[in-house]
Amino acid sequence: MADSRFYNIKANVTLAQAAEVTSALLTDLSKQNEKIANISTMTSAGAEDICFFYDRKNKDKAEQMKAKACITTEVLKQFVPENVIVLLCEDPKIAFIKLNEFMYAPKGVQTGIDATAKIAASAKIGENCSIGANAVIGENAEIGANCVIEPNVVIGEGCKLGNNCRIGNNASIAYSIIGNNCYIYTGARLGQDGFGFQLINGQHHRIPQLGRLIVGNDVEIGANTCIDRGALDDTVIGDGTRIDNLVQIAHNDKLGRGCVIVSQVGIAGSCTLGDYVVLGGQVGLADHLNIGSGVQVAAQSGAMRDIEAGAVVMGSPCVPFKDFMRQVAFLQKNSKK
Amino acid sequence: MADSRFYNIKANVTLAQAAEVTSALLTDLSKQNEKIANISTMTSAGAEDICFFYDRKNKDKAEQMKAKACITTEVLKQFVPENVIVLLCEDPKIAFIKLNEFMYAPKGVQTGIDATAKIAASAKIGENCSIGANAVIGENAEIGANCVIEPNVVIGEGCKLGNNCRIGNNASIAYSIIGNNCYIYTGARLGQDGFGFQLINGQHHRIPQLGRLIVGNDVEIGANTCIDRGALDDTVIGDGTRIDNLVQIAHNDKLGRGCVIVSQVGIAGSCTLGDYVVLGGQVGLADHLNIGSGVQVAAQSGAMRDIEAGAVVMGSPCVPFKDFMRQVAFLQKNSKK
Amino acid sequence: MADSRFYNIKANVTLAQAAEVTSALLTDLSKQNEKIANISTMTSAGAEDICFFYDRKNKDKAEQMKAKACITTEVLKQFVPENVIVLLCEDPKIAFIKLNEFMYAPKGVQTGIDATAKIAASAKIGENCSIGANAVIGENAEIGANCVIEPNVVIGEGCKLGNNCRIGNNASIAYSIIGNNCYIYTGARLGQDGFGFQLINGQHHRIPQLGRLIVGNDVEIGANTCIDRGALDDTVIGDGTRIDNLVQIAHNDKLGRGCVIVSQVGIAGSCTLGDYVVLGGQVGLADHLNIGSGVQVAAQSGAMRDIEAGAVVMGSPCVPFKDFMRQVAFLQKNSKK
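Residue numbers (numbering that gives the first Met the number 0), protein chains in the order written: chain A, 0 to 336; chain B, 0 to 336; chain C, 0 to 336.
Keep in mind the hints are simulated off the structure, nothing from the lab.
Among the hints, a few may not be true.
One copy or two, either will do: identical chains are not told apart, so a pair holds if it fits within one copy or between any two.
What the hints assert, rightly or not - In silico lysine-lysine, BS3-like type, Cα no more than 27 Å apart, as pairs:
hint, residue 1, residue 2
1, LYS9, LYS97
2, LYS159, LYS9
3, LYS56, LYS76
4, LYS253, LYS92
5, LYS9, LYS123
6, LYS332, LYS321
7, LYS106, LYS117
8, LYS253, LYS60
9, LYS92, LYS117
10, LYS97, LYS76
11, LYS65, LYS253
Bound-form chain A, shown alone:
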């Protein structure tokens, strides 16, 4: 339930409007002028609220719901109490996203360029950008149209952002070329030197890090996540990839399209990930690995070798999921003797 401290809430939305926005079918047309106050979960929705039911596992919660209306599927509607007004659609999750966007708009959206922002004379700022207090933008940087740069962000010389990007406050960006529609969260660190050095006579000498960080379109990079730039080659994040908070991505890593990298994952240098790879929370990859498209690595697992496309693996070192479960069962059984 959105809090009006933080969101502008569209009042008096009718079920007819809700049906239209979500492309859903209102099963009882006599109810089309009934109004809903808020979107809520099945558990907490009250007599003025609408909720969404899309996972059969939650049928117990559905049967207990006290909402005014529920958007669900033809198959699941049997579990919804009779007094709840039902709207039917094919994918209630998509409907949920659409109705949210219709009913709620975040407050506090920053506009304009703050007088305290320090923008280098040679930097190019696109139309309709917002730049927050104390943001620093270096020489020859290029910021596309409609970007929001929040307070205290530092963008280094020569960096380039596409259109419609949002950079969360206190983030750092250097040596980076970033596409359109990217969302970099607060405190993320992009493009700093990779961790590379050479031991010479007992001293670690830094190996120059001369590559860049290339981020595709429609990428999200979570809060306090760190992505080092390349050493000679570039570090690359493919289109549509989603990276959670506190992730470490090292120099020269190349991530494909649509990958999902959950919180606290660490990827050592020079790894290549295909498309739609999913790495669960706290996964670690050793350096120079090839991880095929569609690979799924369970949380806390660690990979020391390449993984073939489509594999589902678990453990540290990771093995096929079924093997891991067999190992766990074997250990539990035999250690108790």
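Could you slot chains B and C onto chain A? The hints should help.
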């Protein structure tokens, strides 16, 4: 031993004063005007220092001590050398806290509202607050009395802080309601969007994150820790809970009272923790788990299932502590054949 | 290949110059006036580029190279195609570092003291320092010569930095004494309170943290890494130690010289590490451990006990590397029956 670069040190504290502050018994009253220069460890305390001895495991160190005075218990005093002046109390750890607070005050405590802070006109700032350079406070935010907001902090529109809170420099707070006496460390990220999206025709679409982050009273949140706000429900941190550095807490997590979450723990979304749960460093919890009150999870463990109140578990996936130790012993023994 | 957006590239470097800078032997003196455009990898180097070949494992890549010139060793030159001009030296990795430093200089190097930096009147700033926008430097802080303090850095009262240090933007430094030639990356948090408290009547009471953080010379500390100051003793990082991103180092830890601490490592309080200890990514150490010099702990491992100097260990809890591999093989073999 406190360094006068960083602390104001109360000079010439007598043993009579030390005894009074700590509610300890000075065993040799003829020494009540003797003065101590500093609090130190048993190992490093010199002839002008006082130290504390509370753990029998350290009796070897106690026997070697060169301090002027030592605060310990009736039971442990037998290990203290005869030439050291002994003060007795029931709990020397509490005495240690009290004497520290009496003798040392940190320098550099910020006061007043810096001219460069950017405070929205509609924000309400309580009495006696300190707000540092370049801090940004959004519209309709409410800051209680006696709060210290350090430099470069960004607090978003509508956020609310109770009294006596301290927000470390470069931290980010959004969509959050925070209680009294909370200490948020440098670089912490509170209230950003959770990691939620829906795959539609090969593209990840963001699921709107409309909940809040609710933090109780007397909570500490460590440096660079990230806590996402809720999706529809709220993310909740209970009273008195302590969270270390670099922890990830995902959307809709609900932590009870007095929990201890050690560094680099990752808690996936929609978990519920009871009271006084202890998660060791680098622990990972899968999403939607119920972790009962008093549960202790050993460092680096991972939980994939609910854990009953009071259980002590270890391993990834975690099992009861004794089972884990048996598994370790079994593997060590049998793999060597 | 360096991008001229980010680097000033020395044009028209001759092979004679490259040989001189790297102390290499140009094998065909008739080519000494040939020019190189860029340094590149063996795989991507084109007809104007120079590359480096130092690892026999990459001999397939060497045989395919299309570079104008290659710096390699006497032993490896046999794998380089005949039409590539060869320069010989003992250690091509060192040559690589030297030629990089000769050909490329980063752009955007900040100079001077920004008008918006807030430097306390009693702070001492050495010669030739650069201090970025919105940086805050507290009373009695001392900054050595030739330091670069990037924007939005906060340095607390009484802190001391040696000469030639670089502090990345948005970093926080408190209660710290830092040596010469140190590089602290963006968003690092140094010297905050350790995670220590005492449970009294169901409430966690903070234990005062009165120590300091002492950092030696020639230390690197990665992005968003957190190092707590000591409780009574100091936290100490030895000369030449390299710490990657997102590492947690707790109060009273003492790291020796030349250690390598890879990303996302967590070291609990009061550990002592000898010299040249290597901790792989995501390693965890329990508190109060002694880790001998030269110890190597494989990624994702966890240590619960002291480790003798020179040991190579793996697993959680960790065991000697060979034992770990035997355990893995045993489990794989026997669980499949």
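Hint check results:
| no. | hint | result |
| --- | --- | --- |
| 1 | LYS9 <-> LYS97 | within (13 Å within a copy, 54 Å between copies) |
| 2 | LYS159 <-> LYS9 | between (36 Å within a copy, 23 Å between copies) |
| 3 | LYS56 <-> LYS76 | within (13 Å within a copy, 61 Å between copies) |
| 4 | LYS253 <-> LYS92 | between (31 Å within a copy, 23 Å between copies) |
| 5 | LYS9 <-> LYS123 | between (37 Å within a copy, 26 Å between copies) |
| 6 | LYS332 <-> LYS321 | both (16 Å within a copy, 14 Å between copies) |
| 7 | LYS106 <-> LYS117 | both (25 Å within a copy, 18 Å between copies) |
| 8 | LYS253 <-> LYS60 | between (43 Å within a copy, 19 Å between copies) |
| 9 | LYS92 <-> LYS117 | neither (42 Å within a copy, 39 Å between copies) |
| 10 | LYS97 <-> LYS76 | within (20 Å within a copy, 63 Å between copies) |
| 11 | LYS65 <-> LYS253 | between (48 Å within a copy, 23 Å between copies) |
The structure shown violates just one earlier hint, number 9.
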